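Visitor: Chain B: place on chain A using the hints.
2 protein chains.
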Amino acid sequence: MLKHAVPEAVRSAGIAPSDVIGIATDFTACTMIPTLADGTPLCELEPYRSEPHAYVKLWKHHSAQPHADRINALAHARGETWITRYGGLISSEWEFAKALQLLEEAPEIYAATERWVEAADWIVWQLCGNYARNACTAGYKGIYQDGQYPSREFLAELNPGFAEFVSEKLDQPIAQLGQAAGTLSATAASWTGLPEGIAVAVGNVDAHVTAPAACATEPGQLVAIMGTSTCHVMNHERLADVPGMCGVVDGGIIDGAWGYEAGQSGVGDILGWYVNTQVPERCVAAAAAAGLSVHQYLSNLGFAEPVGSHGLVALDWNSGNRSPLVDHELSGLLVGQTLTTRPEEIYRALVEATAFGTRAIVEAFNDSGVPVTEFIAAGGLLKNPQLMQCYSDVLNVPISTIGSAQGPALGSAIHAAVAAGAYPSVREAAAAMGKRNQAVYRPDPAAAAVYERLYAEYRILSDEFGRRPGLMHRLRQLKREAVAG
Amino acid sequence: MLKHAVPEAVRSAGIAPSDVIGIATDFTACTMIPTLADGTPLCELEPYRSEPHAYVKLWKHHSAQPHADRINALAHARGETWITRYGGLISSEWEFAKALQLLEEAPEIYAATERWVEAADWIVWQLCGNYARNACTAGYKGIYQDGQYPSREFLAELNPGFAEFVSEKLDQPIAQLGQAAGTLSATAASWTGLPEGIAVAVGNVDAHVTAPAACATEPGQLVAIMGTSTCHVMNHERLADVPGMCGVVDGGIIDGAWGYEAGQSGVGDILGWYVNTQVPERCVAAAAAAGLSVHQYLSNLGFAEPVGSHGLVALDWNSGNRSPLVDHELSGLLVGQTLTTRPEEIYRALVEATAFGTRAIVEAFNDSGVPVTEFIAAGGLLKNPQLMQCYSDVLNVPISTIGSAQGPALGSAIHAAVAAGAYPSVREAAAAMGKRNQAVYRPDPAAAAVYERLYAEYRILSDEFGRRPGLMHRLRQLKREAVAG
Chain A
362 MLKHAVPEAV RSAGIAPSDV IGIATDFTAC TMIPTLADGT PLCELEPYRS EPHAYVKLWK
422 HHSAQPHADR INALAHARGE TWITRYGGLI SSEWEFAKAL QLLEEAPEIY AATERWVEAA
482 DWIVWQLCGN YARNACTAGY KGIYQDGQYP SREFLAELNP GFAEFVSEKL DQPIAQLGQA
542 AGTLSATAAS WTGLPEGIAV AVGNVDAHVT APAACATEPG QLVAIMGTST CHVMNHERLA
602 DVPGMCGVVD GGIIDGAWGY EAGQSGVGDI LGWYVNTQVP ERCVAAAAAA GLSVHQYLSN
662 LGFAEPVGSH GLVALDWNSG NRSPLVDHEL SGLLVGQTLT TRPEEIYRAL VEATAFGTRA
722 IVEAFNDSGV PVTEFIAAGG LLKNPQLMQC YSDVLNVPIS TIGSAQGPAL GSAIHAAVAA
782 GAYPSVREAA AAMGKRNQAV YRPDPAAAAV YERLYAEYRI LSDEFGRRPG LMHRLRQLKR
842 EAVAG
Chain B
362 MLKHAVPEAV RSAGIAPSDV IGIATDFTAC TMIPTLADGT PLCELEPYRS EPHAYVKLWK
422 HHSAQPHADR INALAHARGE TWITRYGGLI SSEWEFAKAL QLLEEAPEIY AATERWVEAA
482 DWIVWQLCGN YARNACTAGY KGIYQDGQYP SREFLAELNP GFAEFVSEKL DQPIAQLGQA
542 AGTLSATAAS WTGLPEGIAV AVGNVDAHVT APAACATEPG QLVAIMGTST CHVMNHERLA
602 DVPGMCGVVD GGIIDGAWGY EAGQSGVGDI LGWYVNTQVP ERCVAAAAAA GLSVHQYLSN
662 LGFAEPVGSH GLVALDWNSG NRSPLVDHEL SGLLVGQTLT TRPEEIYRAL VEATAFGTRA
722 IVEAFNDSGV PVTEFIAAGG LLKNPQLMQC YSDVLNVPIS TIGSAQGPAL GSAIHAAVAA
782 GAYPSVREAA AAMGKRNQAV YRPDPAAAAV YERLYAEYRI LSDEFGRRPG LMHRLRQLKR
842 EAVAG
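If you read the sequences in order, they're chains A and B.
Note that the first sequence covers residues 362 to 846 in our numbering.
Note that the second sequence covers residues 362 to 846 in our numbering.
So here's chain A without its partners, still in its complex pose (with noise of 0.2 Å):
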């Protein structure tokens, strides 16, 4: 990708190559690679490279839940403060969960695995020959708290064999987001065409990387990066115990603010599993006659009627709560159907329940002492105007939006041209390089009205439902016999 992306981007750039004094990267996280201490990926020894467990675990590989769970349950049993920081759950998708699994489930890889490598980190590595581990990742991802990793003696209690993964294996000095990692090698020159010497930026995530690009670094913004599911960044000064935070990062997104970060598991996945599964021919095939995509034309159907009228509230669980609730378990609700309801309507009904999960959110800030200030939207969803819409009149505040089609390519420039010195700091460079278009979304003062008794009927289901153990857990569990047998 590096040997013909980059050259091409510069090409279509019109500029010279020349002209670029640094280079910085963002990733999907956490996405996992076991290396040998130089960061030769294991998968590309000859004795693993039929070894599945030798390759990359990307972000969304799930197979060590088994895993996260005993973490959760040892760390809630010991005490362990960290665990508040990430609502109380360590994901499965994670650094010490993915590498639990490594150890019990292939041993000899677990051995052979001299460093524990984000991804983000790892291409850094190749770029300027230095393992900067960048402090977003190391806190999101790798549990890295207050200046330490979780315990020796914790690990010890999780596996005997697991007690030195972090001295061994995953140790490596912290740097700051906005840093150089290093200056481009000779190599990575030759593959990308760019002049060596320029600096490499310190890894960093897609999403992280897209508050600076949204021009949001000050406290109380929020970048909302709306898509299959929804991340929730935003800085803040204070340190706060907000509820089902994913974790909240001392310099995690702005060196020097703490980062938070919240998560909607399911928003325009949810959508999309109703327009595949749910939706018959006669939409499909007049979205096509009409030039559009099925969401759009359910969209402009659904949201042509007043706020109410289809009678319907949905729960956007179907794929489990993040924040607030922070509960895997959890699955979808429509209530209100009746014999005349319209594809449309259940749409719309979808799309209103996604809102009201973010609304939880944000509400889930304000009552927690770091308010959100400005709710700013990015990523693909960006691209359904009565979607926006709905999400103003639901939050009942107005919403800017990024001002870039590639949030994370012009987040990543911004620490490149940080690192390479052109600006003193990330907050400095995103005010002159980033892009946000204040308030293009206002609500409609009547919508709103009637959207707060709408989110009052969302809060109860979500009350009701949302109690552990309750009626969703007893039917994954009956599910879970069932597929059993």
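Keep in mind that a hint or two might mislead.
You can't tell identical chains apart in this list, so a pair holds if it fits in one copy or across any two.
Mimicking EDC-like on lysine to aspartate or glutamate, the simulated pairs with C-alpha atoms at most 20 Å apart in a straight line are [to be verified]:
| # | residue 1 | residue 2 |
| --- | --- | --- |
| 1 | K840 | D567 |
| 2 | K840 | E666 |
| 3 | K530 | D602 |
| 4 | K840 | E813 |
| 5 | K364 | E557 |
| 6 | K421 | D532 |
| 7 | K364 | E465 |
| 8 | K530 | E466 |
| 9 | K840 | D430 |
| 10 | K840 | E705 |
| 11 | K840 | E818 |
| 12 | K421 | E529 |
No lab work stands behind these hints: they were computed from the structure.
These figures come from a predicted structure and were not determined experimentally.
Guide: The following block gives chain B in isolation, referenced to the frame of chain A:
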């Protein structure tokens, strides 16, 4: 119809018209006709041809809901004892609501109406020249209880102009089911090709005649006529207060027994709504390729999996709930959806919900001192074997089925035979002519055990969402306000 269908039926039965000793009819109810004193429908008179209110009001005509609401409110306010025989709710479909609407919306038609006649009786009147008011519709639809109708004072309080409705337009000697209303007139004999002078039975209702057709005349034998909606009819020697009855009528099904009628307002209708509005083209195409209806295709797939494996539970209230909650403001609910939930899983959950709804009705009978001793299925849904097995598993009882594909016609033939004197009573005629296959479906103990747990969840949802007023009522109110603008 009489001029074509009757001769054709005799012909295809391979009998001579002279073999026929009596005729009986059944009708949908409550279907009302405004007539002159001689039975001439007003709509056939020149001055009224263009007046909609002069025409037949079919059972499914619901625009008299405001009038029904007033009847119910006043009945409860005055403590009328008859209201409890109808689960506390007179339907907008029935005789009094439709008549009050006629009075108030078309007073000149009301004034011209000399008789307000059930179509079930009107057709018998045409056949024999005698207006015999049958005990079934008089009780179930005409609020005739313990030998009287709602009082003059009650009617006057609804509307002073309604005070003499019973005495002037409705009252007529009551004829018991199985009696002869008269004999076939010369005119009717010429229409039908049947012998003049044969017995014409008292009119009856399609659902209610099905009980003797299924040879189900003993106390506790419940016949469920399962179609777009489900009607449950059962005889018992005891008068009991069963929650949510559509009606309890002395001699309403069989002369000499209390006839109980309960109902599920949406069953096949809910499945039809789902198939028509929520099923993607690939399922429709696969069903067509397999030569199956979409219903059967989804049933085959959905019921191939173990009970509970879909992780779903639904409420069958998309068309409200008649029995046992008597609340048409209720609506549907589905809970447990994930991003992998498939159409056939939702279809199955909806089928199960209707089975749970039936169980709630059976339990209401059992808990009220008039227990169900045999569950007998009739109607269009019989053709779906997975659905029938599901009902058996959910109810955890064997299910018998009616032995005729023409249940109402057979039931009417039984009444004709009694009216003609071939049998001394409907009970004895049913024993000879009725057809029932006993215990065709038997519960699978393992499935029944899991359904027990799913039904417990259904009851939790039912208790929570069935409360009045509740979330579903507020959603209806929002809908009304939104539609009203």
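Visitor: Next step is simple, just say for each hint if it's right about the structure.
Guide: Each hint, compared with the structure:
1. Taking identical chains as interchangeable, the C-alpha atoms of K840 and D567 are never at most 20 Å apart, the minima being 35 Å within one chain and 41 Å between chains.
2. Taking the shortest Cα distances, K840 and E666 sit within 20 Å of each other only across copies (11 Å), while inside one copy they are farther apart (37 Å).
3. Proximity of K530 and D602 under a CA criterion of 20 Å is satisfied in neither setting, with 31 Å inside one chain copy and 74 Å between copies.
4. In the homo-oligomer, the alpha carbons of K840 and E813 lie at most 20 Å apart only across protomers (14 Å), although the nearest pairing inside one protomer, at 35 Å, exceeds that limit.
5. Taking CA atoms no more than 20 Å apart as the test, K364 paired with E557 passes inside one copy only; the shortest distance there is 14 Å, against 99 Å between copies.
6. Proximity of K421 to D532 under the C-alpha cut-off of 20 Å is found in neither arrangement, the shortest distances being 24 Å within a copy and 74 Å between copies.
7. In this assembly of identical chains, K364 and E465 lie within 20 Å of each other by CA distance neither inside one copy nor across copies; the values are 37 Å within and 83 Å between.
8. In this homomeric assembly, K530 and E466 come within 20 Å of each other (Cα to Cα) only inside a single copy, at 17 Å, whereas the closest approach across copies is 85 Å.
9. Taking the closest pair of Cα atoms, K840 and D430 come within 20 Å of each other only inside a single copy of the chain (19 Å); across copies the shortest separation is 43 Å, beyond that limit.
10. In the homo-oligomer, the alpha carbons of K840 and E705 lie at most 20 Å apart only across protomers (15 Å), although the nearest pairing inside one protomer, at 29 Å, exceeds that limit.
11. With identical chains, the CA atoms of K840 and E818 are at most 20 Å apart between copies only, with a shortest distance of 14 Å across copies and 27 Å within one.
12. In this assembly of identical chains, the alpha carbons of K421 and E529 never lie at most 20 Å apart, being 26 Å within a copy and 77 Å across copies at closest.
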